[in-house]
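Using the hints provided, position chain B relative to the given structure of chain A.
2 protein chains.
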Amino acid sequence: MFIGIYGFGSIGRLLARVALERGHEIIGVVDIDPNIVGRDVGEILGLGEKLGIEVSTDPYTLTGSEVILHATGSYLDKVYDQIIASIDSGADVVSTCETLAYPYYRYPILARKINERAIDRNVSVIGTGINPGFLLDTLAIVLAAPFNIVNSIRAIRSIDAAKRRESFRKKIGIGEDIERVREMLRRGEITGHVGYAESVMLIADKAGINLTKVIEGQEPIKAEADVESSGIRVGRGLCKGIKGFGAGYIGDREIIRVEFYAYVGAEEFEEISISGRDYSIRWRSSGTPGDMGTAAIVLSIAENIVNYGPGLLTMADIIPFRPYIKVS
Amino acid sequence: MFIGIYGFGSIGRLLARVALERGHEIIGVVDIDPNIVGRDVGEILGLGEKLGIEVSTDPYTLTGSEVILHATGSYLDKVYDQIIASIDSGADVVSTCETLAYPYYRYPILARKINERAIDRNVSVIGTGINPGFLLDTLAIVLAAPFNIVNSIRAIRSIDAAKRRESFRKKIGIGEDIERVREMLRRGEITGHVGYAESVMLIADKAGINLTKVIEGQEPIKAEADVESSGIRVGRGLCKGIKGFGAGYIGDREIIRVEFYAYVGAEEFEEISISGRDYSIRWRSSGTPGDMGTAAIVLSIAENIVNYGPGLLTMADIIPFRPYIKVS
Numbered sequence: 167m168f169i170g171i172y173g174f175g176s177i178g179r180l181l182a183r184v185a186l187e188r189g190h191e192i193i194g195v196v197d198i199d200p201n202i203v204g205r206d207v208g209e210i211l212g213l214g215e216k217l218g219i220e221v222s223t224d225p226y227t228l229t230g231s232e233v234i235l236h237a238t239g240s241y242l243d244k245v246y247d248q249i250i251a252s253i254d255s256g257a258d259v260v261s262t263c264e265t266l267a268y269p270y271y272r273y274p275i276l277a278r279k280i281n282e283r284a285i286d287r288n289v290s291v292i293g294t295g296i297n298p299g300f301l302l303d304t305l306a307i308v309l310a311a312p313f314n315i316v317n318s319i320r321a322i323r324s325i326d327a328a329k330r331r332e333s334f335r336k337k338i339g340i341g342e343d344i345e346r347v348r349e350m351l352r353r354g355e356i357t358g359h360v361g362y363a364e365s366v367m368l369i370a371d372k373a374g375i376n377l378t379k380v381i382e383g384q385e386p387i388k389a390e391a392d393v394e395s396s397g398i399r400v401g402r403g404l405c406k407g408i409k410g411f412g413a414g415y416i417g418d419r420e421i422i423r424v425e426f427y428a429y430v431g432a433e434e435f436e437e438i439s440i441s442g443r444d445y446s447i448r449w450r451s452s453g454t455p456g457d458m459g460t461a462a463i464v465l466s467i468a469e470n471i472v473n474y475g476p477g478l479l480t481m482a483d484i485i486p487f488r489p490y491i492k493v494s
Numbered sequence: 167m168f169i170g171i172y173g174f175g176s177i178g179r180l181l182a183r184v185a186l187e188r189g190h191e192i193i194g195v196v197d198i199d200p201n202i203v204g205r206d207v208g209e210i211l212g213l214g215e216k217l218g219i220e221v222s223t224d225p226y227t228l229t230g231s232e233v234i235l236h237a238t239g240s241y242l243d244k245v246y247d248q249i250i251a252s253i254d255s256g257a258d259v260v261s262t263c264e265t266l267a268y269p270y271y272r273y274p275i276l277a278r279k280i281n282e283r284a285i286d287r288n289v290s291v292i293g294t295g296i297n298p299g300f301l302l303d304t305l306a307i308v309l310a311a312p313f314n315i316v317n318s319i320r321a322i323r324s325i326d327a328a329k330r331r332e333s334f335r336k337k338i339g340i341g342e343d344i345e346r347v348r349e350m351l352r353r354g355e356i357t358g359h360v361g362y363a364e365s366v367m368l369i370a371d372k373a374g375i376n377l378t379k380v381i382e383g384q385e386p387i388k389a390e391a392d393v394e395s396s397g398i399r400v401g402r403g404l405c406k407g408i409k410g411f412g413a414g415y416i417g418d419r420e421i422i423r424v425e426f427y428a429y430v431g432a433e434e435f436e437e438i439s440i441s442g443r444d445y446s447i448r449w450r451s452s453g454t455p456g457d458m459g460t461a462a463i464v465l466s467i468a469e470n471i472v473n474y475g476p477g478l479l480t481m482a483d484i485i486p487f488r489p490y491i492k493v494s
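Those sequence lines, one after another, are chains A and B. All you need for our numbering is the position in the first sequence, starting with 1, plus 166. All you need for our numbering is the position in the second sequence, starting with 1, plus 166.
Only chain A is shown next, with the shape it has when bound in the complex (with noise of 0.2 angstroms):
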């Protein structure tokens, strides 16, 4: 396949990693960062060769992609002008952007908005990723299928935050004192993990259900002791990751619940369980990276998104299972 690159930094480049060695060809990368802007792709992967496609500030240089793999923020309010360049260059769009997972929820208008320019530039868009995307919603849907009627779903992912790129440690306020990771929380000037309530709307939208409430919560853990992980150490009292859960209700039942662990020390593992009338099944992993898998799964859809109509899709949408829930 053709494939532009939108955003340039830790994801997209591993997106362009895989898409090479999947046998795709890079025809744009489109990045603001400075350090990188009119430098050569293959230089900038450290492939030992240039690719002859230089990194630009202008999305028109995407043009000619058959898929657009978009990496550059969570918030759709802030990538909306992107998403949109990138469907008027008449590409299919895949995008990491978390909130994008399920756009419905915190950005209705926008969603709408883009549902009707890809409609109208016969494209698809969809958002996708290891979390949102994947773990606590798409597979906790797809191991739903072999319930008759489904009364409750819960998943739970949980990383060693050391083991994670530096950016995402900084993200979740490593070695910060705890109050001012809350505060910094609160303000918004870092993120945490973004995605929980989108999450719980892929299943109830798959599902079919109409949830009375969506909440979310997330906070820092603080080490009780000196802990090390990976060489990566926090000093008692201070942050040493974030947990966080999103859960959507049908009156006061709580009917889905996905709950995210990230800190020093963290096992490692995912654990899906399904309660159902009949039974109850319990899925556990051995853990799954998170960047590596996000770049797999956007490429895999990107391979697939053509079996797909044109407009605004949601990986519930793209899955042929539906969950029957119902409260017991």
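Do not rely on the hints blindly, as some may be mistaken.
Which copy is meant is left open, because identical chains are indistinguishable; a pair holds if it fits in one copy or across any two.
Below 30 angstroms or equal to it, Euclidean Cα-Cα: the simulated BS3-like pairs (lysine-lysine) are [to be verified]: (1) K329 - K492; (2) K279 - K492; (3) K336 - K409; (4) K409 - K216; (5) K216 - K388; (6) K329 - K279; (7) K279 - K336; (8) K409 - K279.
The hints are simulated quantities; they were obtained by calculation from the structure and are not laboratory data.
For chain B alone, kept in the frame of chain A given last:
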């Protein structure tokens, strides 16, 4: 949806129950068993009221169904005429026929004919169920999504045969003499599990790799001591169940392996391990009920099949992830 049921044995009845619970309308039921032909479906299901639908031997009574749920047999050559009759009624067809889960393997000519007929009648046909169709193939494909490069996939399902219906226990020779079971399996008098190669092929098809060899094997397991589980007792030396496998190779490298254990007293679990170039992930479950799982998956696919184009489909066709398998 208006649903027709073709085959009203234990699975067909479960399909009917689940369909009714999900609010669908059953408009016809076909079976050849003289004990139930002519009887009211609601009465057979023990619903406490008549449904006004009698079991008929005539597939023509299914006309008007939007989807026909087909559950009569494991081998496509034996049920081919039933599938064609279902297609000719103008309905989409979702079948539990194990070899229809990937019919291009064992019945390539029948598969082509079904595909042509389905396209001609503008309907979709798909084979699915808990296994083959979900646990050891579709789910393995989904769980491989977070991998850039997959080296191998291994999926295991283990069930306690004592907890399954009697017809299943009979199919795997429980309580019989070991040599006799071996002989019955060889002669096809009992089938054991059907679908090992189908699961392997579903994964390979989705990955787009060309396996150079696919093998299957199945054998009875001897009770080394008296065993009992859920009231089912097997004396020492007799057959307590079966174990089997399917494996797909490229050259001398085993790329895909599925295993199935079904014996009295077995631990219940699934385990799916994906080995990638960069990392490996193992998922393990607390076990999945087979019959109810099959019914739920068939209904879920039936509710979604309208989204897919006409023709003979496989589960691989409708999953938006493509494992990128590369021999290391």
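Going down the list of hints, with the structure as the test:
Taking identical chains as interchangeable, the C-alpha atoms of K329 and K492 lie at most 30 angstroms apart only when they sit on different chains, with a minimum of 26 angstroms there against 39 angstroms within one chain. Taking CA atoms no more than 30 angstroms apart as the test, K279 paired with K492 passes in neither setting, with 32 angstroms inside one copy and 40 angstroms between copies. When the C-alpha separation of K336 and K409 is checked against a cutoff of 30 angstroms, the pair qualifies only within one copy, where the shortest distance is 15 angstroms, while the shortest distance between copies is 50 angstroms. Taking CA atoms no more than 30 angstroms apart as the test, K409 paired with K216 passes in neither setting, with 42 angstroms inside one copy and 53 angstroms between copies.
For the identical chains of this complex, K216 and K388 are neighbours neither inside a copy (46 angstroms) nor across copies (63 angstroms), given an alpha-carbon limit of 30 angstroms. In the homo-oligomer, the alpha carbons of K329 and K279 never lie at most 30 angstroms apart, since the shortest distance is 38 angstroms inside one protomer and 53 angstroms across protomers. Proximity of K279 to K336 under the C-alpha cut-off of 30 angstroms is found in neither arrangement, the shortest distances being 33 angstroms within a copy and 59 angstroms between copies. When the C-alpha separation of K409 and K279 is checked against a cutoff of 30 angstroms, the pair qualifies neither within a copy, at 33 angstroms, nor between copies, at 55 angstroms.
Going through the hint list in order, the structure does not satisfy hints 2, 4, 5, 6, 7, 8.
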